[in-house]
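These are the residues of each chain, in order.
Protein chains: 2
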Amino acid sequence: MNKDNCSTIELLKNEIDEWCRIYFVNKGSYDSILFKAMDYSLNAGGKRIRPMLLLLGYMLYKKDYRTIIDAAGALEMIQTYSLIHDDLPCMDNDDLRRGKPTNHKVYGEALALLAGDGLLNEAMNILFNLSSKIGPDCVKAAAIISNASGPSGMIGGQTVDILAENKTIDIEELTYMHKKKTGALIKASIVAGSILGGASEEDLNILGLYGESLGLAFQIKDDILDVTGESSKLGKNTKTDESNNKTTFVSVYGIDECKEMCEKLSHKCIEYLGMIKRDTSILKDLTVKLLNRVS
Amino acid sequence: MNKDNCSTIELLKNEIDEWCRIYFVNKGSYDSILFKAMDYSLNAGGKRIRPMLLLLGYMLYKKDYRTIIDAAGALEMIQTYSLIHDDLPCMDNDDLRRGKPTNHKVYGEALALLAGDGLLNEAMNILFNLSSKIGPDCVKAAAIISNASGPSGMIGGQTVDILAENKTIDIEELTYMHKKKTGALIKASIVAGSILGGASEEDLNILGLYGESLGLAFQIKDDILDVTGESSKLGKNTKTDESNNKTTFVSVYGIDECKEMCEKLSHKCIEYLGMIKRDTSILKDLTVKLLNRVS
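Sequences listed follow chains A and B, in order.
Each residue of the first sequence is one higher than the last, beginning at 1 in my numbering.
Each residue of the second sequence is one higher than the last, beginning at 1 in my numbering.
In case anyone wonders, no lab produced these hints; they're calculated from the structure.
Treat the hints loosely; a few may be bogus.
[Unchecked claim] Quick list of in silico lysine-lysine cross-link-like pairs, DSS-like style, CA-CA up to 27 Å:
no. : chain 1 : residue 1 : chain 2 : residue 2
1   : B       : Lys179    : A       : Lys36
2   : B       : Lys13     : A       : Lys167
3   : B       : Lys62     : B       : Lys13
4   : A       : Lys140    : B       : Lys140
5   : A       : Lys13     : A       : Lys47
6   : A       : Lys105    : B       : Lys105
7   : A       : Lys47     : A       : Lys3
8   : A       : Lys167    : B       : Lys27
9   : A       : Lys27     : B       : Lys140
10  : B       : Lys140    : A       : Lys167
11  : A       : Lys62     : A       : Lys167
12  : B       : Lys140    : A       : Lys133
13  : A       : Lys133    : B       : Lys133
14  : B       : Lys63     : B       : Lys259
15  : B       : Lys27     : A       : Lys179
16  : A       : Lys264    : A       : Lys47
17  : A       : Lys264    : A       : Lys62
18  : B       : Lys27     : A       : Lys140
19  : B       : Lys62     : B       : Lys36
20  : A       : Lys36     : B       : Lys259
21  : A       : Lys105    : B       : Lys47
22  : B       : Lys167    : B       : Lys133
23  : A       : Lys140    : B       : Lys13
24  : A       : Lys27     : B       : Lys105
25  : A       : Lys259    : A       : Lys36
26  : B       : Lys133    : B       : Lys27
27  : B       : Lys63     : B       : Lys3
28  : A       : Lys27     : B       : Lys179
29  : A       : Lys179    : B       : Lys36
30  : A       : Lys284    : A       : Lys268
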């Protein structure tokens, strides 16, 4: 990876981490524990992939990424809320996330539920406030993010995931599920960032296709790591798909074919980026990094 | 109550009911049960108070309320999501709501959780889409609604409510809780509607005060009905506050003083409305109707 690109990626991640670190500090009154619970999961050490994609999408067109860093933070809040709710006992019942006890293990189920609700809602507050400042382009970008996280996106995908436990689903349903559960918000991140940057319709279409391929590759990689990865590196329990009797890309195609699919999608991503007449080298490096990850 | 006002209120409620009735019909694919679960609670027969307040706030200034009826529907979705999550076993664990089995009793906990998430998120989708159409006034109104439902509003209030179970809280904390839990969204409804209608800053301030008094009166009435009301008329279990050892206005002040407080706040509401140089007679009639309700 190009050294400059590497340090830009590092820099952006640090900026997002810092944004998250201070956001909920000293908030609330009688309800301050709600803010502590939101803060706990927001700062449990995520990879910040979605906010990074948003910022890098924006930076294809404009330099002043701090203007829209709130939108990046909002994306991370949405991602974090979905993890808190997914981990609840009535859902996946997970104890470990990002190497730490899950939210309900620390704060109890009621507060974890409310912390999830709060993060989703606060993300929307941020997007409305930024829309007030920036105007129509931000409203458009926010609508895309909100739609991707909603019932026709992530929540729909999560529904299929829950329904699919302990039964076999076909590849069409599996693809539908992942397109919504993981793919929609990843695609929305890069597209929303580019809209905020002022991308042309043509570029938006190409970046949308890039986002779709990346989202699918990312999920296949996730399924692979659930089988081959180490719990200590991943920061969550592994082989959960198998023990939950879940259909995954690995259970359908096997490890080797999945690795090949991931490789092919990775090339496709790079190809799409090559069609954009901007400096896409950082995005290319991030793509390779994400799909070669071991955790 | 004025007969014309009565039929306007009736008409608006029917329009909101119809909007809710068709919203989720035939939506979804593998995840269609998510849409059914959202539809179930959205159409379980609410009073539609918040959407009514939004429409009536708008109609103080403009007639074509259908232009913004989506915002009214979004408010009802937010209210409905909060009820679904409040009823979950890890929260109030209620079986009955609006005279029907609660969402998780019908669809199970996982789907009820997702249906709640979905309604909150869909409400935001609607508000972003309407903002795209209408512009800055709608962004401002939407930000107020979103802020009122979020961690600094309804979710914060709900947190205090959960923490206050099985312990006595003082009147300051009780007021803080209700101002956020019930008051914030009621106030936001009337204020957002008036913003959409193009109200002056002066009117917005007065209508904000009206909304605050109405919200508080509404909650005191709710506490009274939990003691004196009939479960069959209310469509939910009564005396739940007592059995959950909750501090309420009634447990602090007693029934008679609460009735007097409610009466006084009701007069205050009418006074505020009298300060607006518009035809506020329908809002006055709705206020009286709400605070004299038996269910």
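Do the hints match the structure? See the list:
A distance of roughly 21 Å separates the Cα atoms of B:Lys179 and A:Lys36; the hinted pair therefore holds under the 27 Å criterion. Using a Cα cut-off of 27 Å, the hinted pair B:Lys13 and A:Lys167 is violated, with the two alpha carbons roughly 43 Å apart. For the proposed pair B:Lys62 and B:Lys13, the alpha carbon gap of about 18 Å is at most 27 Å, so the pair holds. At roughly 15 Å between alpha-carbon atoms, A:Lys140 and B:Lys140 fall within 27 Å of each other, so this suggested pair holds.
For the hint pairing A:Lys13 with A:Lys47, the CA-to-CA distance comes to about 8 Å; that is within 27 Å, so the pair holds. In summary, the hint linking A:Lys105 to B:Lys105 is supported, as the alpha carbons are separated by about 25 Å, within the 27 Å threshold. Between A:Lys47 and A:Lys3 the CA atoms are separated by roughly 19 Å; this keeps the pair inside 27 Å, and the hint holds. Restraint check: the Cα-Cα separation between A:Lys167 and B:Lys27 comes to about 23 Å, which is no more than 27 Å; the hinted pair holds.
Between A:Lys27 and B:Lys140 the CA atoms are separated by roughly 23 Å; this keeps the pair inside 27 Å, and the hint holds. For the proposed pair B:Lys140 and A:Lys167, the alpha carbon gap of about 46 Å is over 27 Å, so the pair is violated. Between the alpha carbons of A:Lys62 and A:Lys167 the distance comes to roughly 47 Å, so the proposed pair goes past 27 Å and is violated. Only pairs whose Cα atoms come within 27 Å are accepted, and B:Lys140 paired with A:Lys133 is accepted, the gap being roughly 10 Å.
About 17 Å separates the Cα atoms of A:Lys133 and B:Lys133, which keeps this hinted pair within 27 Å; it holds. Of the pairs offered as hints, the one joining B:Lys63 and B:Lys259 is violated, with about 35 Å between alpha carbons and a cut-off of 27 Å exceeded. Distance hint between B:Lys27 and A:Lys179 is fulfilled; the C-alpha atoms sit about 17 Å from each other, no more than 27 Å. With a C-alpha separation of about 23 Å, the suggested pair A:Lys264 and A:Lys47 falls inside the 27 Å cut-off, and the hint holds.
For the proposed pair A:Lys264 and A:Lys62, the alpha carbon gap of about 30 Å is over 27 Å, so the pair is violated. Between the alpha carbons of B:Lys27 and A:Lys140 the distance comes to roughly 23 Å, so the proposed pair stays at or under 27 Å and holds. Proximity of B:Lys62 to B:Lys36 is assessed by CA-CA distance (about 35 Å); at most 27 Å being required, the pair is judged violated. For the given pair, A:Lys36 sits about 38 Å from B:Lys259 by alpha-carbon distance, which is inconsistent with the 27 Å threshold.
The hinted pair formed by A:Lys105 and B:Lys47 fails the criterion: a straight-line CA distance of about 37 Å is larger than 27 Å. A hinted pair counts as satisfied when its Cα atoms are at most 27 Å apart, and B:Lys167 with B:Lys133 does not qualify at roughly 48 Å. Simply put, A:Lys140 and B:Lys13 have alpha-carbon atoms about 31 Å apart, too far for the 27 Å limit, and the pair is violated. For the given pair, A:Lys27 sits about 35 Å from B:Lys105 by alpha-carbon distance, which is inconsistent with the 27 Å threshold.
Our distance criterion of 27 Å between C-alpha atoms is broken by A:Lys259 and A:Lys36, whose separation comes to about 40 Å. Distance check on the hinted pair: B:Lys133 and B:Lys27 sit about 23 Å apart at the alpha-carbon level, within 27 Å; holds. Our distance criterion of 27 Å between C-alpha atoms is met by B:Lys63 and B:Lys3, whose separation comes to about 19 Å. Of the supplied pair hints, the one linking A:Lys27 and B:Lys179 holds, its CA atoms being roughly 17 Å apart against a limit of 27 Å.
Proximity of A:Lys179 to B:Lys36 is assessed by CA-CA distance (about 21 Å); at most 27 Å being required, the pair is judged to hold. A distance of roughly 11 Å separates the Cα atoms of A:Lys284 and A:Lys268; the hinted pair therefore holds under the 27 Å criterion.
Of the numbered hints listed earlier, those contradicted by the structure are 2, 10, 11, 14, 17, 19, 20, 21, 22, 23, 24, 25.
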